[in-house]
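A.B. asks: Protein chains in written order, with the working numbering: chain A, 1 to 325; chain B, 326 to 666; chain C, 667 to 919.
Don't take each hint at face value.
Think about it this way: if two alpha-carbon atoms lie no more than 20 Å apart in a straight line, the pair counts; the simulated DMTMM-like pairs of lysine to aspartate or glutamate are [as the list claims (entries may be wrong)]: (1) B:Lys656 x C:Asp802; (2) B:Lys531 x C:Glu783; (3) B:Lys579 x B:Glu648; (4) C:Lys775 x C:Glu786; (5) B:Lys531 x C:Glu674; (6) C:Lys730 x C:Glu799; (7) C:Lys798 x C:Glu812; (8) B:Lys531 x C:Glu781; (9) B:Lys531 x C:Glu812; (10) B:Lys663 x C:Glu674; (11) C:Lys755 x B:Glu495.
Have a look at the derived ranges for each label pair, beta carbon to beta carbon [claimed, not checked]: (12) C:Asp802 x A:Ala203: 38 to 44 Å; (13) C:Glu876 x A:Asn186: 56 to 62 Å; (14) A:Ala203 x B:Thr339: 51 to 57 Å; (15) B:Ile634 x C:Leu803: 36 to 42 Å; (16) B:Ser501 x A:Thr104: 58 to 64 Å; (17) C:Glu793 x B:Arg555: 30 to 36 Å; (18) C:Glu793 x B:Lys663: 18 to 24 Å; (19) A:Thr238 x B:Val329: 28 to 34 Å; (20) A:Thr7 x B:Met507: 46 to 52 Å; (21) B:Arg489 x A:Ser246: 19 to 25 Å; (22) A:Ser189 x C:Arg885: 42 to 48 Å; (23) C:Leu803 x B:Met410: 54 to 60 Å.
Here are some chain B residues the structure puts well away from chain C; computed CB gaps all over 10 Å [as the list claims (entries may be wrong)]: (24) Gly426; (25) Glu439; (26) Glu496; (27) Met512; (28) Lys531; (29) Tyr534; (30) Arg540; (31) Met549; (32) Gly584.
It should be emphasised that the hints constitute simulated quantities derived from the structure, not laboratory data.
Note that beta-carbon positions come from the ideal geometry of N, C-alpha and C, so glycine has one too.
Listed here are the chains, written in short residue letters.
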Amino acid sequence: MLELALTGGAITKGIIMGLIYGSVIGSVAIGLTIIWGVMKVVNLAHGHIVVFAAMMSAFLYLTYKGALLFTPPIAFIWIGLLGAAFGVFFYYTTLHPVIGHVDTMTLKYEMSSLMATFGFGIALYGIHYILPNYVHSYSVNPSIGYSIGAAGHTYIVFLGVVIMKSTVLMSVLGFLLTLVAYWLMNKTSMGLKIRAVAQDARALSLVGINPVKVKVMTAVLATALAMASGVLFLGYSTSVYPDIESTVSPLCFVIVVLGGLGSVLGTYFGGLFLGVMYWLTLELTGQQSIALAVAFAILLIAMVLKPDGVFSGIERKLSFRAKRG
Amino acid sequence: MVSVFRRPGFIISTIIVLFFLVLGYLGNINAISRMYVSNGTDLMYYIGIGLAMAIIMSYAGYVSFGQAVFVGIGSFSTGYVLVLMNRSNIISYLAKIGSGGRISNTMLAVYFTESLLLAITISVFIAVVVGYAVLRLRGAFFAISTIGLDYVVMYLVKYITKTRSPFGGEELLNPSMGLTDMTFYWMHFILFIITIYVAYFVKISKFGYGLAAIREDEDAAEIMGVNTFRYKIYAFALSGILASFWGIAEAFRKSYSIGYFKLDKSIIMLVENVVGGIGSFIGPIIGSIIYYLLEWSFLTTVGQWTLVILGATVVVVVAFFPEGIVGLLKKRFPRLRKWLE
Amino acid sequence: MRDVLVVENITKRFGGLTALSQVSFKVKEGERFGIIGPNGAGKTTLFNVINGVYRPDTGKVIFKDTDITHWPPHRRARYGMARTHQVVKPFSDLTVLENAMIGALFGPKHDSITEDEAREIASNVLEFIGLKEKADLPANVLNVQEKKRLELARALSSQPDLLLLDEVLAGLVPSEIDVMVGLLRKINEEKGITIVMIEHVMHAIMNLAERMIVLDFGRKIAEGTPSEIANNPEVIAAYLGNPELALKFVQKR
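Construct the complete structure from the given sequences, taking the supplied hints into account.
C.D. replies: In structure tokens form, the structure reads like this:
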């Protein structure tokens with residue numbers, strides 16, 4: 001019934017496409033891992049925020065076709081900044097009433113915050129349907145390919161694999177976003193405070209830092225990263241529509257669980273791994289549903305066997321080496 | 326000691342059951358009453374899935390995002406029995422379409438029972454095998470892992486329907502059986518009676534006390550002699566069986582589609598429990614009724630605003646009434662406590 | 667009299683830290699047995715090994731002549747072992763009566779007991795403990811002292827043979843301590859339940875326990891009657907740091 005196309009070409013294609021996809025989806029998951037690792041909040045609104053940004057950027061790009069402001073590399077930056085403002089709104093409407101003054105997250109608070117972000121998520125999802133000029137789906141990919149392609153071609157051929165140029169650009173942007181997030185979390189005083197809250201919120205208030213402020217910063221950083229990463233779908237997907245959330249969100253959970261909560265680089269590598277597994281299965285079986293089933297089976301297995309994350313060691317090793325070198 | 330039949334929860338359940346019984350008998354009078362029959366069918370479905378979720382969420386305190394997998398399994402079982410077993414011609418023949426006839430009650434009962442047995446088998450298998458692994462996780466980790474469970478099963482079933490369905494897509498259209506809304510109403514009614522009384526008797530049984538202990542403090546429960554791991558698996562499986570019943574009911578009425586596996590089914594079940602109040606039997610029922618009324622009135626008055634308002638409602642409830650409606654009532658009117666089991 | 671609980675050579679390590687090292691002792695049926703020691707001596711860890719929360723690295727736990735070292739906690743509870751916690755863990759959303767009923771429903775008589783019987787046992791225990799009038803309140807409205815009593819009621823409702831009490835007197839004011847000590851004595855004498863207790867309130871445990879052991883850095887450093895323990899130089903050293911100073915201190919008394 002299920003036939004495997006076990007050829008070298010399929011494997012090469014699977015790996016290359018997987019790495020490109022993994023870089024995009026891995027960077028999309030970083031906002032989730034930060035908020036989960038620091039505040040112990042499982043942000044069910046994450047995927048909705050990402051898709052909201054994707055829809056917004058697609059709408060702007062297609063409406064003002066050709067305007068430099070709305071092409072991905074530029075939009076990527078200012079939509080990320082917009083996301084920072086949106087993060088304040090998100091924090092004060094949804095997280096603050098539930099966990100604003102909670103020092104240690106018990107199971108009860110974990111569940112309440114889960115439900116609150118869940119509510120925020122579906123409200124945000126609902127907004128797509130009440131906006132005027134709502135379009136069910138934006139077809140975006142080819143036009144972006146032209147805008148950044150050097151000489152007319154929208155694709156390149158690498159090792160016999162046809163790759164859209166725009167997807168390569170998006171995966172590079174995803175990598176850059178990861179580096180920015182890593183730098184913010186590990187090399188700045190803001191990152192230090194954020195990581196300190198993850199350890200002990202009460203101790204932090206004893207040394208004169210307001211934990212609420214740090215929580216706001218965390219939400220702002222995570223939301224900014226989420227919205228910036230949403231722009232990547234503009235160049236990666238052939239079409240952008242609200243329901244891609246139902247695949248994006250669960251995949252982000254898989255990646256975060258693989259990468260380890262709060263670990264930026266671990267999450268990125270989790271994304272690369274998942275991307276390769278997904279694309280390999282897709283190329284070998286030719287069945288998207290089997291590929292997705294494999295992705296979620298990985299989630300189940302990883303959660304049961306290694307809930308601390310499979311790739312969480314990577315960050316520790318890298319920062320250790322950086323300190324020595 | 327009051328006998329079970331005089332306990333508040335039993336009386337309330339029986340009143341609700343009688344309400345649906347009367348509605349069913351009055352249903353066939355005219356066009357307007359038939360509209361109410363259709364609403365009643367929906368309402369039974371909403372209360373049913375709410376109570377199915379209640380066993381794992383309200384009683385045992387485990388939030389599952391994946392209970393939709395069982396609704397999906399139920400509806401797929403029906404699709405399998407009616408469509409994939411290639412009996413469509415036989416069923417349509419039995420219904421004698423063209424001459425305006427309908428399938429005999431006996432054959433309907435046979436197909437209904439087959440769906441039930443298939444759904445129960447698959448649900449128990451999945452709940453026990455997967456539960457054995459994931460019920461070691463707690464809190465958010467458990468919740469996330471159930472998303473994984475839901476999606477693995479959903480995509481596998483999607484593959485099966487894609488390769489085997491005569492329609493080639495994500496749906497299995499039921500063969501013509503010549504059934505009316507009233508038939509569907511009574512099918513829902515049968516499952517409703519089972520669901521509401523099972524949910525209630527679980528609540529007041531020793532099993533229910535054990536689950537309550539797990540919800541309040543799992544470690545303390547284990548130390549006091551509750552076999553927590555086994556109880557959690559039982560609760561997960563029972564919740565799954567009841568959820569699968571409602572997949573069956575809806576699939577007989579509307580045919581199988583991949584939509585029954587989608588997370589929004591879990592979400593509805595979850596919202597019903599949260600709004601009503603965790604920890605009780607009455608809570609999820611109240612939550613379900615409110616959810617249905619809200620959704621119904623939103624759909625008719627505010628249309629696309631439904632999701633925004635629902636989401637905002639959840640945020641507000643979680644932030645300001647974390648104990649849900651039942652918790653609020655208990656606090657305001659301590660005398661009502663006895664009635665809010 | 668037979669030994670109801672035998673602990674043999676228990677060692678428990680957490681990573682590089684040895685929390686318990688070769689601890690052994692025996693508790694006779696009907697005895698009031700004390701475990702004392704400075705903070706971090708491994709007392710609660712020892713309880714966690716006895717009632718199955720932790721598995722020991724070496725050694726055996728024998729309860730009522732059965733080796734229960736590898737049993738999960740719930741099975742030990744059903745075999746007649748009950749426990750209270752240092753930090754009270756009531757089922758907050760349930761009523762006081764329901765809390766106690768759960769003890770009865772899942773205790774040693776779990777397979778034959780009906781809900782009505784459990785309710786009756788629970789309300790008798792609540793009366794014995796002095797919580798009768800709070801029976802229908804949710805457990806989270808009780809004060810600390812009442813919550814401690816509730817822990818005890820929950821443990822007693824299961825009708826255990828052995829009761830493990832982890833600092834049941836901590837956080838109580840002196841008058842409450844006297845009441846609680848009287849209650850514990852009554853539980854032991856009237857109901858014949860063996861009690862093993864961890865305690866920091868010295869005068870209470872010296873008064874109540876018939877025999878006791880002393881733990882220090884995970885080792886058992888002494889065993890005997892309260893008066894033997896009070897005059898053991900090693901124990902005094904463990905508590906006060908300097909043996910000579912401690913001896914002087916004791917002699918002056």
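A.B. asks: With reference to the structure, classify each hint as holding or not holding.
C.D. replies: How the hints compare with the structure:
no., hint, verdict
1, B:Lys656 x C:Asp802, "holds (14 Å)"
2, B:Lys531 x C:Glu783, "holds (12 Å)"
3, B:Lys579 x B:Glu648, "violated (35 Å)"
4, C:Lys775 x C:Glu786, "holds (14 Å)"
5, B:Lys531 x C:Glu674, "violated (36 Å)"
6, C:Lys730 x C:Glu799, "violated (36 Å)"
7, C:Lys798 x C:Glu812, "holds (11 Å)"
8, B:Lys531 x C:Glu781, "holds (7 Å)"
9, B:Lys531 x C:Glu812, "violated (25 Å)"
10, B:Lys663 x C:Glu674, "violated (50 Å)"
11, C:Lys755 x B:Glu495, "violated (49 Å)"
12, C:Asp802 x A:Ala203: 38 to 44 Å, "holds (41 Å)"
13, C:Glu876 x A:Asn186: 56 to 62 Å, "holds (59 Å)"
14, A:Ala203 x B:Thr339: 51 to 57 Å, "holds (55 Å)"
15, B:Ile634 x C:Leu803: 36 to 42 Å, "holds (37 Å)"
16, B:Ser501 x A:Thr104: 58 to 64 Å, "holds (60 Å)"
17, C:Glu793 x B:Arg555: 30 to 36 Å, "holds (33 Å)"
18, C:Glu793 x B:Lys663: 18 to 24 Å, "holds (21 Å)"
19, A:Thr238 x B:Val329: 28 to 34 Å, "violated (60 Å)"
20, A:Thr7 x B:Met507: 46 to 52 Å, "violated (57 Å)"
21, B:Arg489 x A:Ser246: 19 to 25 Å, "holds (24 Å)"
22, A:Ser189 x C:Arg885: 42 to 48 Å, "holds (46 Å)"
23, C:Leu803 x B:Met410: 54 to 60 Å, "holds (57 Å)"
24, Gly426, "holds (51 Å)"
25, Glu439, "holds (36 Å)"
26, Glu496, "holds (43 Å)"
27, Met512, "holds (34 Å)"
28, Lys531, "violated (5 Å)"
29, Tyr534, "violated (5 Å)"
30, Arg540, "violated (8 Å)"
31, Met549, "violated (6 Å)"
32, Gly584, "holds (35 Å)"
Figure legend: structure checked against the earlier numbered hints; hints not met, in rising order: 3, 5, 6, 9, 10, 11, 19, 20, 28, 29, 30 and 31.
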